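Asker: The numbering used here runs 115 ahead of the 1-based position in the sequence shown.
Check each hint, because a few of them may be wrong.
Using 20 Å as the maximum straight-line C-alpha spacing, the simulated SDA-like pairs for lysine to any residue come out as follows [claimed, not checked]:
no.: 1; residue 1: 165; residue 2: 155
no.: 2; residue 1: 142; residue 2: 155
no.: 3; residue 1: 142; residue 2: 154
Ranges between beta-carbon positions, derived for each pair [stated by the list, open to error]:
no.: 4; residue 1: 117; residue 2: 138; range: 40 to 48 Å
no.: 5; residue 1: 118; residue 2: 142; range: 27 to 35 Å
no.: 6; residue 1: 124; residue 2: 152; range: 43 to 51 Å
no.: 7; residue 1: 142; residue 2: 119; range: 47 to 55 Å
In case anyone wonders, no lab produced these hints; they're calculated from the structure.
Here the structure is a predicted model, which means the values were calculated and not measured.
Note that the Cβ used here is the ideal one computed from N, Cα and C, for glycine as well.
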Amino acid sequence: MKPLLLAAIVLALAAPADAALYRWVDKSGVTYYTSEREAIPEPYRASAQKLDAPTPRTPE
């Protein structure tokens, strides 16, 4: 039972790690970041950039 519980916890914590991150700049030049595309004001959605997660470094 413990391995099943551990697996469930690991999967639950890993899901948010795949979230997208968006960046946009308003007409005043202020830069904003959000993980929800719907939070971007409509006039800026077309110019918003989806940011890629950095590639994790491998142990040496």
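Asker: It remains to establish, for every hint, whether it holds in the given structure.
Answerer: How the hints compare with the structure:
For the suggested pair residue 165 and residue 155, the alpha carbons sit about 12 Å apart, so the restraint of at most 20 Å is met. At most 20 Å may separate the alpha-carbon atoms for a hinted pair to count; residue 142 and residue 155 meet this at roughly 13 Å. Using a Cα cut-off of 20 Å, the hinted pair residue 142 and residue 154 holds, with the two alpha carbons roughly 17 Å apart. Take residue 117 and residue 138: their Cβ atoms lie about 41 Å apart, and the range 40 to 48 Å holds.
As the Cβ distance of residue 118 to residue 142 is approximately 54 Å, the hint placing it in 27 to 35 Å is violated. Distance hint for residue 124 and residue 152: a CB-CB separation of about 28 Å, inconsistent with the stated range 43 to 51 Å. Range check, residue 142 to residue 119: Cβ separation about 52 Å, and the 47 to 55 Å hint holds.
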